[in-house]
Amino acid sequence: MKNIFTTAVLLSILICACKKEKPIDNNQPDTYGKIEFKFFHKVDGLPLVTDTLKYINEAGNLYEVNEIQYFISDVVLHRADGSFYNINQWQDIHYVDTDIPATQTWNVFDKIPDGNYSGISFTFGINAQKNQSFMFVNPPESFMFWPDVLGGGYHYMKLNGKWQDPQQQIRFFNFHLGIGQIYGAQDTIYVHNHFQVNLPNSAFTLADKETKTIGIIMNIENWFKSPNIYDHNFWGGDIMENQDAMQAASENGHDVFSVDFGCCNK
Amino acid sequence: MKLIFQPMKRKINLIPIILLFFVTFSTCKKENPLPPDNDKPDSFNPTPYTLDLPFYFPTVLNIPPDNPMTIEGIELGRYLFYDGRLSGRTHPDSLMTCATCHLQEYGFSTGINHPKFTGGRPFGLTGIQTPHYTMPLVNLVFNSNGYLWNGMIHESNDFLYENNPLYHRRNIESLVWMGIVAPHEMYGNVDQTVQLIASIPMYAEKFEAAFGTPEVTYERISKAIAQFVRSLVSFDSKFDKYLRGEVQLTTQELQGFVLFTTESGADCFHCHGASQNPLWTTNLFYNNAKDSIFNDPRDRFAFTGDVMDKGAYKSPTLRNIELTGPYMHDGRFSTLEEVIDFYSEGLVFSPYANPLMHKLPDNGAQLTPNQKQALLSFLKTLTDESFTTNPAFSKPADL
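Protein chains in written order, with my numbering: chain A, 1 to 266; chain B, 1001 to 1399.
If you're looking for bench data, these hints aren't it; they were derived computationally from the structure. You can take every hint at face value.
Label pairs and their calculated CB-CB ranges:
1) A:Thr52 to B:Pro1214: 56 to 62 Å
2) B:Thr1059 to A:Ile100: 17 to 23 Å
3) A:Pro47 to B:Pro1064: 35 to 41 Å
Positions of the beta carbon are idealized from the N, C-alpha and C atoms, including for glycine.
Input sequences plus hints: build the corresponding full structure.
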């Protein structure tokens, strides 16, 4: 028994010692820069044109996008040494709405320690701990609520559009992501479909007193592409109560976002 | 938004901050296009009005900085709201005011059983019908997305505001002016109204209490009525009490609520809210698939010019929906049963229908009779009788 205890203690020490990632002190650094995120929405590399039936997804659906509303949260700036900075001083959840230009710019409140960062990650949607009903009472965020009977909290995203079905009829899709449900004989299991996005090629350097503008692009076609070819004819117009569809969509989300540091050069 | 405050660790020189505050403050004052009410005496100190709201209600209030709500202002507004002489006329046949069309017993809508306006369709003093049916005046203090069915009264109308600081199309204050002059409403003129109200002895004291001096101006009339309208807040329906844990809903009402908040059910919640949006509207504009031909010169498209807004109208609140018929902008449905039938099997395709109307291929939600009844039962839990009988919102006894 004593050996087991000793081994456990040593193992714990070893695990702690091996754990490289440590948060950077969020207290006010002596030298720091600021970050401004700008959100862009593209289809096949070009800026989104809403309300126009002109796009073809991987499944061959002719489709249009009318509006997109979504949350990103828990943005983390990573360093090569494993340390990281959490953006959370004023706002740790940001709402983006293609109909509200003001939401497409996020002037981050935090004073970000200057230096080299190896990458950016964030949660698409809101994590399970934070995604609680009534935490937003004011519009537009409050309009994103996810009904309590379906798990509560908030939509991660509403992507609304239309597509042409095989009979050439125009149908409407509400590509909505949030908490999924698996209905059992006795209980309902709620599935948190939020996921982490690791932005590729997102290394950057922030100088003291610099304000860096970072473009975050949603490449809309990727929601329907990989690893799951998402066919609106198969999944239909509404998916909030279809965990399989939301899982497929969430799995596709891994490469939906990209970064553009040259987006906003003046 | 979650707010995380960073504790101060360094001493901060406050002088630049104070200077910045004054610069900002004075800049803001300059930007206010309304002429200041210079007649206020220094001792004027009206009682601020505070709203005591449940935890699930919005905290952002749409109150213009130049018209804060006060007990005295709201009380004056209540008198004017109910005083038929607001029309600028005194003959009993020509009296008209806000309350002529906005009846408390019908949740401050016209109501289908209105004693004068058959079927709930109002008309003005000269018989000209209003372009649309009446929207209820409730919880407008939380609305920042424009007023009327098409949202044409909107804070973005700055260009009108600058050119005509008193008669603009920005907010509830604007609606008072429109109500007085519009041919389909009082069809009067502002000067006549001001003159008449100023000649009524009881108002001098009320204007003084609300604004510091007894002077009657159009600006003060509109501000007082707007304050009263902003005070019309409803948060005590059976469903509110259920949310607060004070009552239980029946099985049928709960079944209706589930239908209301699920896509597989009736999917009402995306446009009309639910427990987490207790306004029971987004105050946004949707083409809800009522028609395939659009020729209303006052739809949302007429205001925005965006072709996708053809046939779109503001989503009306469902608070007190049981009382606020007839329904839709054109009052085409007399009963809630007809409305539910429409959303169940009456949707009509058009390219302009909002994508949230995803049940269009089936012409609607295809509800069973039992489901329709459950949905109806739930909708009736949104009736707030304490709102429709609140003496603070009623006609003053001495008017």
